[in-house]
Amino acid sequence: KNQVEQSPQSLIILEGKNCTLQCNYTVSPFSNLRWYKQDTGRGPVSLTIMTFSENTKSNGRYTATLDADTKQSSLHITASQLSDSASYICVVSYFGNEKLTFGTGTRLTIIP
Amino acid sequence: NAGVTQTPKFRVLKTGQSMTLLCAQDMNHEYMYWYRQDPGMGLRLIHYSVGEGTTAKGEVPDGYNVSRLKKQNFLLGLESAAPSQTSVYFCASSYVKDSSYEQYFGPGTRLTVT
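Chains as they are written, first to last, in this note's numbering: chain A, 5 to 116; chain B, 951 to 1064.
For the record, the hints were derived by calculation from the structure and aren't laboratory data.
C-beta: ideal position from N, C-alpha, C; glycine also.
Mixed in with the good hints, there may be bad ones.
Here's a subset of chain A near chain B, in silico, CB distances under 8 angstroms, partners left out [to be verified]:
hint : residue
1    : Pro12
2    : Pro48
3    : Ser50
4    : Leu51
5    : Ser97
6    : Lys103
7    : Phe106
Below, in silico cross-link-like pairs of lysine-lysine (DSS-like), each with a Cα-Cα straight-line distance of 30 angstroms or less [to be verified]:
hint : chain 1 : residue 1 : chain 2 : residue 2
8    : A       : Lys21     : B       : Lys959
9    : A       : Lys75     : A       : Lys61
10   : A       : Lys21     : A       : Lys61
11   : B       : Lys964    : A       : Lys61
12   : B       : Lys1007   : A       : Lys75
13   : A       : Lys103    : B       : Lys1021
14   : B       : Lys1007   : B       : Lys1020
15   : B       : Lys959    : A       : Lys103
16   : A       : Lys103    : A       : Lys75
17   : A       : Lys21     : A       : Lys75
18   : B       : Lys1007   : B       : Lys1021
19   : B       : Lys959    : B       : Lys1021
20   : B       : Lys1007   : B       : Lys964
21   : B       : Lys959    : B       : Lys1007
22   : A       : Lys103    : A       : Lys61
Throw the hints in and build the complete structure from the sequences for me.
Given below as structure tokens:
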């Protein structure tokens, strides 16, 4: 069964610190992997999309990495801000298919 | 551009009642989707559409129907609501760009069935 697992489930860090969120997937054949940010009460917003041939992609203070061999991805947040408090969802798509498999997300809380 | 909008934002239904959720997008996207999000679970695809006049079942279609009469609108119907359909519903739309199917989500509809 195609699955996307994320860790940790929740994380609390001090403002200004860095953090890394993990994603493991079993989706095959793999097409691309996305990271979404979902603020409380809002819809998910795309941060990065990576194909199997890409191993890193940045969007401001967000850097995603992908190891297609081990089927692992990480999202690194640098110099966290209070506005980074949100759920971060890892999403994987099948090759040639518009359907997505969603992880359950990591709930990140930034405290001042 | 408003992007993807959803109507209503909140709704409370009694078991057995019916309702329709409306999704509208102004980005001229071909593909539209309906998801539900439940605590402790990832978003799950209910139904989707790859173009005007077409619909297809997703992962959890039972109890729902959809229609895509206009390219910009995608309607989700609950004919006889059940407490198990209490959830947050998200609509999304996408176009094919480098085969990435980038999806843009609406703000969600919180539905409670009592």
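Results of checking the hints against the structure:
A hinted interface residue such as Pro12(A) counts as satisfied when its beta carbon comes closer than 8 angstroms to some beta carbon of chain B; here the least separation is about 14 angstroms, so the hint is violated. Checking Pro48(A) against chain B by beta carbon gives a least distance of about 5 angstroms; that is within 8 angstroms, so the hint holds. Interface restraint check for Ser50(A): the shortest CB-CB distance to chain B comes to about 6 angstroms, inside 8 angstroms, so the restraint holds. Nearest Cβ of chain B to the Cβ of Leu51(A): about 12 angstroms, over the 8 angstroms cut. The hint is violated.
With its C-beta approaching chain B no nearer than about 7 angstroms, Ser97(A) sits inside the 8 angstroms limit, and its interface hint holds. Taking 8 angstroms as the C-beta cut-off, the interface hint given for Lys103(A) holds, the closest approach to chain B being about 6 angstroms. Here the hint on Phe106(A) is kept, as its CB sits about 3 angstroms from the closest CB of chain B, short of 8 angstroms. Taking the CA atoms of Lys21(A) and Lys959(B), the gap is near 35 angstroms; set against the 30 angstroms cutoff, the hint is violated.
With a CA separation close to 16 angstroms, the supplied pair Lys75(A) and Lys61(A) stays within the 30 angstroms bound. Distance hint between Lys21(A) and Lys61(A) is fulfilled; the C-alpha atoms sit about 20 angstroms from each other, no more than 30 angstroms. Of the pairs offered as hints, the one joining Lys964(B) and Lys61(A) is violated, with about 47 angstroms between alpha carbons and a cut-off of 30 angstroms exceeded. With a C-alpha separation of about 28 angstroms, the suggested pairing of Lys1007(B) with Lys75(A) holds against the 30 angstroms cut-off.
Taken as a hint, the Lys103(A) and Lys1021(B) pair is honoured in the structure, with Cα atoms around 19 angstroms apart against an allowance of 30 angstroms. A hinted pair counts as satisfied when its Cα atoms are at most 30 angstroms apart, and Lys1007(B) with Lys1020(B) qualifies at roughly 18 angstroms. A C-alpha spacing of about 25 angstroms is found between Lys959(B) and Lys103(A), which places the hinted pair at or below 30 angstroms, so the restraint holds. Between Lys103(A) and Lys75(A) the alpha-carbon distance is near 18 angstroms, which keeps this suggested pair within the 30 angstroms criterion.
Taken as a hint, the Lys21(A) and Lys75(A) pair is honoured in the structure, with Cα atoms around 27 angstroms apart against an allowance of 30 angstroms. In summary, the hint linking Lys1007(B) to Lys1021(B) is supported, as the alpha carbons are separated by about 18 angstroms, within the 30 angstroms threshold. Annotation: proposed proximity of Lys959(B) to Lys1021(B) holds, straight-line Cα distance about 22 angstroms (limit 30 angstroms). Of the supplied pair hints, the one linking Lys1007(B) and Lys964(B) holds, its CA atoms being roughly 25 angstroms apart against a limit of 30 angstroms.
Restraint check for Lys959(B) and Lys1007(B): satisfied, since their Cα atoms lie roughly 24 angstroms apart, inside the 30 angstroms limit. Restraint check: the Cα-Cα separation between Lys103(A) and Lys61(A) comes to about 22 angstroms, which is no more than 30 angstroms; the hinted pair holds.
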